[in-house]
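Protein chains in written order, with this note's numbering: chain A, 13 to 136; chain B, 622 to 1106; chain C, 5 to 496.
Everything labelled a hint here was simulated from the structure, so no lab data went into it.
Worth double-checking, as some hints may not be accurate.
[What the hints assert, rightly or not] Listing some non-contacts, in silico: residues in chain B with all C-beta distances to chain C over 12 Å: (1) S669; (2) P689; (3) M693; (4) Y761; (5) P770; (6) G776; (7) A780; (8) L788; (9) F798; (10) I803; (11) V804; (12) W807; (13) W902; (14) E1031.
[To be verified] Derived DEER-like restraints, expressed as beta-carbon distance ranges: (15) C:V462 <-> B:F1091: 58 to 68 Å; (16) C:L493 <-> B:G833: 49 to 59 Å; (17) C:A459 <-> A:V45: 51 to 61 Å; (18) C:P448 <-> A:V45: 56 to 66 Å; (19) B:S669 <-> C:V472: 54 to 64 Å; (20) C:V472 <-> B:A681: 48 to 58 Å; (21) A:V26 <-> C:S477: 54 to 64 Å; (22) C:S477 <-> B:L668: 30 to 40 Å; (23) A:G71 <-> C:A289: 17 to 27 Å; (24) B:H730 <-> C:A47: 30 to 40 Å; (25) C:G494 <-> B:V629: 49 to 59 Å.
Everything numeric in this text was worked out from a predicted model, so none of it was measured.
Beta carbons are placed, not taken as given, at the ideal position from N, Cα and C, and that holds for glycine.
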Amino acid sequence: MSAGAVGGHYAYWVTVFLMVAGLYIVIARGNLVKKLIGLSIFQTSVYLLYIGPGKLIGGTAPIVAAGFGVYSNPLPHVLILTAIVVGVATLALGLALVVRIREAYGTIEEDEILDRDREPRGGE
Amino acid sequence: MTPQVAIVLALVIPAAGAIGIAACHRAPNLRESVTLAAAVGMFVVVLSLVGPVLEGSRPALFLFEALPGIGMAFRVEPLGMLFALVASALWIVNSIYSIGYMRGNKEQHQTRFYVCFALALACTLGIAFAGNLLTLFLFYEGLTLITYPLVTHHGDDEARRGGRTYLGVLLTTSIVFLLTAIVTTWAVAGTLDFAPGGILGDAGLSNAAIGGLLALYMFGIGKAALMPFHRWLPAAMVAPTPVSALLHAVAVVKAGVFAVVKVIVYVFGVERIAGLASVDWLPVVAGFTIVAASVVALRADNLKRRLAYSTVSQLSYVVMAAALLTPLTVVGAVLHIAAHAFGKITLFFAAGAIYTAAHKTEVSQLDGIGHRMPWTLGAFAVGALSMIGLPPAAGFVSKWYMLAGAMAIEHWPAVAVIVVSTLLNAGYFVPIVYRAFLRPPPEGEAHGEAPWPMVVAMVATAALTVAMFFYADVPLALARGVAGG
Amino acid sequence: MIRAQLPALLVVVPLVAAPVIVLARRAALAWALAVAASWASFAIAVALFLQVREAGVVSYAMGSWPPPWGIEYRIDALGAFVLVLVAGTGAVVAPYMKHSVAAEVPGERLYLFYALYMLCLSGLLGIAATGDAFNLFVFLEISSLSTYVLIALGRDRRSLLAAFQYLIMGTIGATFYVIGVGLLYLMTGTLNIADMAARLPAVTETRPVLAALAFVTVGISLKLALFPLHFWLPNAYTYAPSAVTAFLAATATKVSVYVLLRYFFTVFHASPAIAYVPYQDALLALSAIAIVTASLVAVYQPDMKRMLAYSSVAQIGYITLGLAMANQAGLTGSIVHLFNHGITKGALFLLLGGVAMRAGGASFDRLAGLGRAMPLTSFGIVIAGLSLIGIPATAGFVSKWYLVLGAIERGQWWLAALVVGSSLIAVAYVWRFVEAAYLQPPGPASPRPGEAPLALLVPAWLVVGACVWFGLSTSFNVGGAASAAQLLLGAK
């Protein structure tokens, strides 16, 4: 792997790092809020994945006028705006669930929650 | 009434009867009358088809397309005609018997019993008149399911266990082997319709493939109780005796051997597979079943268990005879479907009568019982004659053809099996008759004959057994129609 | 005029109904609006199905921006088939919800429940209707997010954790999907599915395309509950409100199968990349494992809802098995089982909802003696159970027929044996219900004798009837599936 491959594609390396870090946090951490943070990081990496290739060296915003020839692709930005909204909604929903779980179980650590469910309870 | 209408009525009458029976839940006498009326009606309708079939016509009815290219269709041919005749005639007799038994033993859930019975007969006729493998399979599975409540009638742990074995073996064989066989037939032959001479003719199957397909069918038709898939039959003896009588001596097992003969004659084609080495294993397996089941029957003390294993053995007579693939043995096989039905139902009726009147279930308890229950044991003796294959009982006729056919093709192992098993049959039936009539009864016995409906039914079927010996022309004509194609 | 706008109306009607319901607030009004919107969607879906049958493909350009630059709704034989299933399920479950949900969700939250249900329906319909890959992601998330909330509204507190777990796994799945779409966009320059399919064969650098296929497959498999990515499903189905389970069991995973079919057979069909991946073998193996292990686990569950949830994982295995066979018979079996399993499981969960309402739950100790206490419900469960096993004259048999046929046509006898053999495991777990309901006396936890209310029984029995109807009269389900299969296999 040449230096150009590493250096020239540093955006992709960051993307991959964020992706993997986010996934790791989701899997490895038992605290529900931390899981959500990991999920958010993972989703953010995807934004980079889309936007990065859209930028052309020497490209500008698509302005239809003389002197502006090379455009960076605006479509990924549009897509990512949508994805960000989805991400925000997911995060909000997840946090709301965490609040309710805290009310119902008294804890937000996954292993403690599972323990409390395993204890025999009256009724259902 | 056109034949098509008759076919429809033959299925609709028992189904409608089931609804009527359920509606008369609170009026037992009315309810029983509905059963009898439906049984008589169905028999009359079936009878109306005999004439046309004997003349050579094959009434057919296409209902609707179930899967693309395969429909729900019916087609009456001699084999199905015989099966339908036997089943519908015996439903009448069995209903009379059931009334006596269920009331005599004060059984619970009688309405459920009669409803399931009627629906089981509807399924049986659906099997008899099926025009293609899919229709046959549909009613075959329906019969398994609708007899489950009958087998588990008593609802206790023993019934549940028996029901599990019953359903387990029958569904395993039908879903794993029979369904695979049917789908393969469709993939290979492009049709599932029954045709004289078989439908695999142009399919280009290798001999080994034909042998394999035959194995899938034979082991898939679990109701024929070919070993090792015979365990469901003794397990089903937890059912009340009328259930055992009709379903396991007539409808369910008959559906099995009927399907076996139908598949051999109308799917494979007797001439098509005669002489192929890859089908030689079937007479061997059947022959083994005949002898092994007889040996078990010899050692069984419980009367119903002895009769169950006797059935396993007798069913394989049909399979072996059909598997010998000559016209004479096929005639014998078809005749045996009827002969065994009449004889076995008599035997089961007698067993139930003995239980109802004397509360006895084991052979060793039957000393001298013939003196107190002469009609019952007399009928039993006639049934035993038929099983052994002695005149003047129907079993003699069918065994004659089977033996003659086996000797004609010089299949000495089959001849040996028939001879040995005849001796074994004598070995486990004659002692019962001997004990009953020629030994003194134990002290303090105070029971009498069985309730009169049961006696009437038993005498009727015993009479049919003898009648088939003397007036065998209609069954013989139908059987010849099957063998001739 | 309306006819031309039907594809858009399909999604818009429930979507708009959601905020209207939030404004309406009162539970009865909310329910009535939900029913109206569900029935309207069903009518539109049927109309679209008929249109597609005549015209082949219905194409609609959102906002009149022409494809492939604008977002296109593109409904073909497969899409129309799935639409009818989803909208039909919604139409049947909506009237059912009135009593069932009222018993399980607190009264002051009922209007929110119906609003979310509308969003979920809209999202699922959108997935099947859209022809744009990113738009599909948006609808996927709309339906998923609303599903998470619907599940969390269950009365047991474990529904919260189930919803959270589903949220985590589902979001990862959707994000994987988006990564895959991003890679495809990079390589082809378009987001329109049909256009992508046309451009992919020309792409020579296959590594990003393979990566895209992998990401899309894994992402959708998470949503699909394909083994081993199925862990969210048992908890979600068990603890969600009964009506939600019934609705999801019939729709959510089926729509994900639709997405997988769309990618495998439409987008990647002619691309050289597909030849590099032994996806067929991998999918066959995973499906086989799913079918056997999930069925076996189902046999030992103490709660019937949980048992049926594992059964769903197994049945999804059948669907992906047919997909992996990739011949006409196998694919027909897969698509027809999409429908048949949808109605079978839908019927089972709808009936169990009635039981849950009367007995407070569906564990097997509550089901003892149910045959006497709730005879119609029990009998319905038996019939739907027979469809699950695959007894002839039920819908399940039709699927098994085609799957076995597909296996035989490929000459893979072990596959045929797998399909029929696993049906026996289904007999084992269905028969647990039969024995409990009919052969056991009522226990202390059994409900008092008395059927569920008519509002629950009628929709449930309608679907039970459908299980039998579509087992005998197969022109719609088999015909629709066969046309879809032909279309997918013959594409490009």
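Exercise. Going through the earlier hints one by one, which of them does the structure break, listed in rising order?
Worked result: Hints 2, 3, 4, 5, 6, 7, 8, 9, 10, 11, 12, 16, 17, 18, 19, 20, 23, 24, 25 contradicted; others consistent.
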